[in-house]
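Chains as they are written, first to last, in my numbering: chain U, 1 to 452; chain F, 1 to 452; chain R, 1 to 452; chain G, 1 to 452.
Hints are not guaranteed to be accurate.
Treat identical chains as interchangeable: a pair holds within one or across any two.
[What the hints assert, rightly or not] Heads up, simulated DSS-like pairs for lysine-lysine below, C-alpha to C-alpha not over 30 Å straight-line: (1) Lys32 / Lys433; (2) Lys418 / Lys137; (3) Lys137 / Lys368; (4) Lys22 / Lys352; (5) Lys32 / Lys22; (6) Lys70 / Lys352; (7) Lys433 / Lys256; (8) Lys310 / Lys86; (9) Lys128 / Lys439; (10) Lys310 / Lys20; (11) Lys310 / Lys439; (12) Lys256 / Lys32; (13) Lys306 / Lys349; (14) Lys439 / Lys136; (15) Lys70 / Lys227; (16) Lys418 / Lys86; (17) Lys171 / Lys54; (18) Lys59 / Lys418; (19) Lys70 / Lys54; (20) Lys70 / Lys349; (21) Lys439 / Lys22; (22) Lys171 / Lys352; (23) Lys306 / Lys54; (24) Lys171 / Lys433; (25) Lys171 / Lys418; (26) Lys440 / Lys310.
Hints in this document: simulated from the structure, not taken from any laboratory.
Fair warning: this is a prediction, and the values are worked out from it, not measured in the lab.
Number of protein chains: 4
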Amino acid sequence: MSSESLMDHPAFARTPPWVKAKLRPFAIEKIKQVYEWVETECIPAERIFKAQIKDNRWKNPPIIHELRQKAKAQGLFNLFLPNHFKESPGLTNLEYSCCAEIMGKVYWAPQTMNCHAPETGNIELLAKYCSPEQKKKWLEPLMNGEMSSAYSMTEPDVASSDATNIACSMKITDTEVIINGRKLYANCQYNEDLNIYILMGCSDPENPNPWNRHTTIVVPARTPGLKQVRNLTIMGFDCAPEGHGEYIYDNVRVPKENIILGPGRAFEIAQGRLGPGRIHHCMRLIGQAERAYELALVRCIEPRKKPRGKLIGQFDSNIERIADMRMTIDSMRLVVLNAADTMDYAGNKAGKYAIAQSKILVPNALLKVIDEAMQMYGGQGLTQHTPLPEIWTYARFVRVADGPDAAHRHQVGRDQMKTAQGVRTRFEEYTRKYQELCKKWELEPEEFWGIV
Amino acid sequence: MSSESLMDHPAFARTPPWVKAKLRPFAIEKIKQVYEWVETECIPAERIFKAQIKDNRWKNPPIIHELRQKAKAQGLFNLFLPNHFKESPGLTNLEYSCCAEIMGKVYWAPQTMNCHAPETGNIELLAKYCSPEQKKKWLEPLMNGEMSSAYSMTEPDVASSDATNIACSMKITDTEVIINGRKLYANCQYNEDLNIYILMGCSDPENPNPWNRHTTIVVPARTPGLKQVRNLTIMGFDCAPEGHGEYIYDNVRVPKENIILGPGRAFEIAQGRLGPGRIHHCMRLIGQAERAYELALVRCIEPRKKPRGKLIGQFDSNIERIADMRMTIDSMRLVVLNAADTMDYAGNKAGKYAIAQSKILVPNALLKVIDEAMQMYGGQGLTQHTPLPEIWTYARFVRVADGPDAAHRHQVGRDQMKTAQGVRTRFEEYTRKYQELCKKWELEPEEFWGIV
Amino acid sequence: MSSESLMDHPAFARTPPWVKAKLRPFAIEKIKQVYEWVETECIPAERIFKAQIKDNRWKNPPIIHELRQKAKAQGLFNLFLPNHFKESPGLTNLEYSCCAEIMGKVYWAPQTMNCHAPETGNIELLAKYCSPEQKKKWLEPLMNGEMSSAYSMTEPDVASSDATNIACSMKITDTEVIINGRKLYANCQYNEDLNIYILMGCSDPENPNPWNRHTTIVVPARTPGLKQVRNLTIMGFDCAPEGHGEYIYDNVRVPKENIILGPGRAFEIAQGRLGPGRIHHCMRLIGQAERAYELALVRCIEPRKKPRGKLIGQFDSNIERIADMRMTIDSMRLVVLNAADTMDYAGNKAGKYAIAQSKILVPNALLKVIDEAMQMYGGQGLTQHTPLPEIWTYARFVRVADGPDAAHRHQVGRDQMKTAQGVRTRFEEYTRKYQELCKKWELEPEEFWGIV
Amino acid sequence: MSSESLMDHPAFARTPPWVKAKLRPFAIEKIKQVYEWVETECIPAERIFKAQIKDNRWKNPPIIHELRQKAKAQGLFNLFLPNHFKESPGLTNLEYSCCAEIMGKVYWAPQTMNCHAPETGNIELLAKYCSPEQKKKWLEPLMNGEMSSAYSMTEPDVASSDATNIACSMKITDTEVIINGRKLYANCQYNEDLNIYILMGCSDPENPNPWNRHTTIVVPARTPGLKQVRNLTIMGFDCAPEGHGEYIYDNVRVPKENIILGPGRAFEIAQGRLGPGRIHHCMRLIGQAERAYELALVRCIEPRKKPRGKLIGQFDSNIERIADMRMTIDSMRLVVLNAADTMDYAGNKAGKYAIAQSKILVPNALLKVIDEAMQMYGGQGLTQHTPLPEIWTYARFVRVADGPDAAHRHQVGRDQMKTAQGVRTRFEEYTRKYQELCKKWELEPEEFWGIV
């Protein structure tokens, strides 16, 4: 049976041929399984989730607990962890991208499969840098879905998108680390299911090398002195029950053995964290945009909505809009999949550019798609009648998550500027050859002022 | 004393010279008064308002009641009502635009001055079309700030942006009107300060003229059978304490004398409502964008935020962004002010195009400005730390308020298409003259295929 | 007879009411005259002009000579020169804007009225800074249409958008100035009708004040040592018969009395040149865009073009496009007219921001309009069948004329940044008042981290 | 030796890993060869080409003849013909895309390798549909570079983007076809190297099936009655020496055996022509954009250009611009390569959507990149000092070649609309399941009005 016919399934409806060709039978099965899971267990349950947290915002609702049990039992846990980790269920980044897009269709679906942020980045980090004892303590329960973690880096008092500025103080004694400072973002302490914060702070502010000043440590969520000041809303959404918090660390004491990799090695870890975890948001966003697109399509044939006697989808302006939406999503999928494949092929470091490209292009492009979908719903489009406002907000959030896109764009631009001299040298060589050719063809060389 | 020196006041910092030249001393004083009011009474009180409605979402908070009393005492009520109404406090549309921009800086500041939507459109409608008895009953208390009104037109079951589709049934008997149907939007019945709905429905569905089928009527907010199903959120915001609702009219009975203007005359009224009320949102939005701009400027010099050692405002990319924001707001202000002035000069009907131009261009352009401001705040930009998310949401809402912008764009485009034949005739005349000139200059006329 | 009925003429079809209200009867007559001139003498003659320069690129064609005579006889010369000059025909900048838009409809129509670039900027400069002898020698013949001038500033070897970099050497002796250097742009020496270059160069490179190093001088076009290396094409167009050149100044000797205002005073002059001349391009561009728009409209009803059985203008996507084009042009007209009015009201210096706003926004916005018009013509749209490619090219050129738009944007942004501290102070005052209000209302003040 | 090290060559600097993995050693060698060819023979010779056609616009210049001989000798001819043709040199569409991008760097480089439009589409068409005799007569000499062909379809008198409108009359007698009509575009008859036109006309206008009315025929370029009226310029460029023409067919008589495939079968052929040929422009455009990008990079470090004392590339706004340009080009390359791969994998028909996606997205996105590059050159950017104006014009041309992009967008949109009902059915299934889940979780189902 050809791999093509194996893929005669809606899960692969928009999978590019080159990706199909790379999917192994094992992965094909997983992707189908994820598809069935999301279609039958998650999408229809969206409003159940909402109803269950309506009056109890900071508690994971029963449906999440149930679905996590069930997904784990079906072997759908931790699919994100790339196959070079021994703890991995075995998918490549590319294969996982296909899963992640599908998961993305429902905001909380990844959580049912233990593939949600920041869990994925955290698990990857712990799998990469922890000692065996630490793994036993945190990695195993996280992968088993018995614990839940947050990641805390952003600070209100400095420009932490440039992480060398991070100032939260960590005083390391013989036995413990004493932490003082303020942090923004990181999931809510309010949620009792949260167990640990993975925290980045400054333990050696006088170190002449600014890349050796910081330390990463695991802070149990209910350590005395750690206080959540308020929940941060995102465009007005409280993002319950996980949420985002503002925190004060007031003489928080943590055992020294909670340090990951060693004091002063936070940047080494941060580098490692910049791999797949950084584009999981983008992968999921493709799925969110597909949902927005489907909602737009359905509106186009809604029989009750006939301005000037025609279905919305019979207006050729909307036909053009639908085409633009379709093509934008598909081109952004190519960008994400190429980034995943680049990591598989050449490692996270070589994939740095492709990751940044995803991180910058994808949310910006998809925001327009989602916004257009909202607009096609007219007055209803901004209300809770569809999930579009939440989808838009998620995409908007990705533009600032892990640093605003200008910071990433700068990094890409600075790297590119380094190649300019090489190009200039090549241009000078063209000019030299041009002068030779002029002799051959008996022409007077022209000079164009100010141009190589 | 020259009118210029009268205007040496921050309220006029961005007022174009041609507008300054048209402001009368009386208006100059009012604008200054509004400026002081918003600067000293409203902006500093934004978080007081939030705190007071935190646990009591559907009740106007004490600060609103207090400020409304105070503003009324200072003669700041109803400034929006144009000077051709006898009930008007005397400002032109242009003069009021200058007030409205300032009011717009705080979402609820217009309410303190009885200049908020939908009150402004409703008061204008009632002033224009009511009988003296009706005015006494509704217009006077509304203008005195003793009553509060909603406007209800949009329906979930039809494309009501094309208002001939409106289907909510009104059966007119000898003494009363019996209403059945479903409506979207219109302020919340939950809020006990709300007194009346101005409702558009279909009273004569078989009338051969589709413009004579509809009737406008005043429905007391607590009439039996009128039920709010839920509050509609806008991009997740509940917009409390005024809100937007979904309604069922289930055999709602209203006295026949509540009909405005007469049965079947709703389109006449709707036409009249399409005047200034339609761009009050745009006027206010200019003020909202100015606030976003100021927030961006302040971020640019925030001493705690120095990525790569420089203030954000020292990056020339941000210098360019600030310039773009500044220029966009200023050009959109010109569009709004020109629309207001056109109505003053030639009436609402002649201003139809300029109003549509505002309605379409302004929110789209300002959304980009506000979005940029959010982005300059990085991770904080989407949170409740600044009013930016609410400002963005308001601008986004204006794109669907009174119909999605595509509907307005279509109207403008269709009107323009009517001018095409006249242009073609002119082009043909050019060709005729060209042929004459060819003779004079002894040239062979060229023909360009398919072009007039 | 009311001024309104005076303006019941197609010349005022899109004039905003506030502008109409400011036009004096004298100006109204001039504008109508310009309208008739362009409609009857210029538009029909476009292809005559092309035919006459077809084989004789660098000579003003007979039709130009004839029309200039005729326009002068009709009192249509030099309308651009603002009414505060004694040589002015008497229009304000605002009134002239209305003329310039109409002139702009045909690329060379302004030349028939002696209102073309760079003549307008040059005449203004000479009128402002020349001695009576100099005026007699250059200003009078230029205004009489008996001479023709170029302006030369840009250099290939430095970033001359920052004019302090200008390096073309001027050695000033007792009697003459010896010039050596290379220049880009400035009209073609090839055209024998060209008489003088107004040249900016560096006469005192060691002066500690970089704003006192440069001198402006008049160089007769055929002075020995001044050589045009080649004609510069603009997007492939040779822009004949005026063109743009590359120049070598090789020991060019000019009498010292040709210096304008005095040695080292070029920046004073440059400042003065930054007035109306800087936005004449924008004014004319509005007219060019109107022509593109009319061409689009005519295509919409072209009976031979019926894809899928409908006129192009019956597709609602094109209806929306037409609306967008219409609204964009009209909003850009407001920006230009406001800049002109600001100069009238408060002088060129006060108008600096409004001029920059025009210079940046107008060509960028109109390029999209013109591009859309080309696209509506499909395969024909890029060919010589319509003037659209030249219109587009003119608009594109304006983005780099007088410096690329990024340079202007930077200037606007830097000026704005200076206002940030004032805004911050105001914000701090809001916070202070908020804290007072908290006391009054018995609330705990909230702190939002990192925000004033 | 791994395929990776085989590709340690600048030709693969931006090749995505998934493409690298698919390139066969044979193709890798060809791509390198093309790279060397373009770098050493074409780029340095750009101005030689220009000089040689300067005074002899309608004759292929000597350098083209020489390079074509040489390229053929090196086995660089006809690389575009996909490997499923027996005449093919053996590359897949994907492999050829890598070549085409490189060729695209110089406008005429593809011609040196017999890979230029419309030759590639024509050769493919002839290879697919000709009889052996016809192949001998036209296909062989075209592939040998001994003949040259044009393609003629567009008409001035109808909307030929909807090809059923094509009206050029073909009267088929027993022995010959008599042609009357007017055509736009198709390469210049002026160029004596042009041998044949492949013409689409209407031979059976009364046929009830509009898809069976048209016939494709080969017309020798110098058949009596076939007259070129003028050369069509593209944005002012004459595109010499190949050019584009306007034609009159006045009783042109062609032997009946020149009909391809048979009378009335033009649409069958047109379908076949819609394969790879349709995106060769896009492939080449990637190379053009890379050149624009390199020119921008070089400007960034141009030592003579230092506005306000800094290299242009030291302004962070330009750093961001460079990053945007880089990322845009790279994402558009992914779109093109995916389309090529889709055709390899599933055939031209299955690739229809991916081809349209390329055709619409690529030129639009790259126009912005090229425009930005021009702008970074300031006043020089629009002149002949760089190839940027021609690169921009080529990209602009691709937006109308083979029909304006709106036509393609419509097609994509209409195809997508057909999927809406399936999505709606799926949505209804979600609702059904939701209602079940409500029972399970004891919740009241919510209804959201107007939404499935």
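So, going through the hints one by one against the coordinates:
1. Taking the closest pair of Cα atoms, Lys32 and Lys433 come within 30 Å of each other only across two copies (20 Å); inside a single copy the shortest separation is 57 Å, beyond that limit.
2. Taking the closest pair of Cα atoms, Lys418 and Lys137 never come within 30 Å of each other, the shortest separation being 44 Å inside a single copy and 53 Å across copies.
3. Within a single copy, Lys137 and Lys368 get their C-alpha atoms no closer than 43 Å, and across copies no closer than 47 Å, so neither meets the 30 Å cut-off.
4. For a Cα distance limit of 30 Å, the shortest separation of Lys22 from Lys352 qualifies both inside one copy, at 22 Å, and across copies, at 22 Å.
5. When the C-alpha separation of Lys32 and Lys22 is checked against a cutoff of 30 Å, the pair qualifies both within a copy, at 15 Å, and between copies, at 26 Å.
6. In this assembly of identical chains, Lys70 and Lys352 lie within 30 Å of each other by CA distance neither inside one copy nor across copies; the values are 35 Å within and 41 Å between.
7. Taking the shortest alpha-carbon separations for Lys433 and Lys256, neither the intra-copy value of 65 Å nor the inter-copy value of 46 Å comes in at or below 30 Å.
8. Taking CA atoms no more than 30 Å apart as the test, Lys310 paired with Lys86 passes in neither setting, with 58 Å inside one copy and 43 Å between copies.
9. In this assembly of identical chains, Lys128 and Lys439 lie within 30 Å of each other by CA distance neither inside one copy nor across copies; the values are 62 Å within and 45 Å between.
10. Taking CA atoms no more than 30 Å apart as the test, Lys310 paired with Lys20 passes in neither setting, with 39 Å inside one copy and 42 Å between copies.
11. With identical chains, the CA atoms of Lys310 and Lys439 are never at most 30 Å apart, being 69 Å at best within one copy and 38 Å at best between copies.
12. For the identical chains of this complex, Lys256 and Lys32 are neighbours neither inside a copy (45 Å) nor across copies (56 Å), given an alpha-carbon limit of 30 Å.
13. Taking identical chains as interchangeable, the C-alpha atoms of Lys306 and Lys349 lie at most 30 Å apart only when they sit on different chains, with a minimum of 27 Å there against 53 Å within one chain.
14. Taking identical chains as interchangeable, the C-alpha atoms of Lys439 and Lys136 are never at most 30 Å apart, the minima being 75 Å within one chain and 41 Å between chains.
15. Taking the shortest Cα distances, Lys70 and Lys227 never come within 30 Å of each other, neither inside one copy (34 Å) nor across copies (41 Å).
16. With identical chains, the CA atoms of Lys418 and Lys86 are never at most 30 Å apart, being 37 Å at best within one copy and 46 Å at best between copies.
17. Neither within a single protomer nor between protomers do Lys171 and Lys54 lie at most 30 Å apart by alpha-carbon distance, with minima of 41 Å and 39 Å respectively.
18. For the homomeric pair Lys59 and Lys418, neither the shortest alpha-carbon distance inside one copy (50 Å) nor that between copies (43 Å) is at most 30 Å.
19. In the homo-oligomer, the alpha carbons of Lys70 and Lys54 lie at most 30 Å apart inside one protomer (23 Å), although the nearest pairing across protomers, at 38 Å, exceeds that limit.
20. In this assembly of identical chains, Lys70 and Lys349 lie within 30 Å of each other by CA distance neither inside one copy nor across copies; the values are 36 Å within and 42 Å between.
21. For a Cα distance limit of 30 Å, the shortest separation of Lys439 from Lys22 qualifies neither inside one copy, at 53 Å, nor across copies, at 42 Å.
22. Proximity of Lys171 and Lys352 under a CA criterion of 30 Å is satisfied in neither setting, with 33 Å inside one chain copy and 55 Å between copies.
23. In this assembly of identical chains, the alpha carbons of Lys306 and Lys54 never lie at most 30 Å apart, being 35 Å within a copy and 40 Å across copies at closest.
24. Taking the shortest alpha-carbon separations for Lys171 and Lys433, neither the intra-copy value of 63 Å nor the inter-copy value of 39 Å comes in at or below 30 Å.
25. Taking the shortest alpha-carbon separations for Lys171 and Lys418, neither the intra-copy value of 39 Å nor the inter-copy value of 41 Å comes in at or below 30 Å.
26. Within a single copy, Lys440 and Lys310 get their C-alpha atoms no closer than 68 Å, and across copies no closer than 40 Å, so neither meets the 30 Å cut-off.
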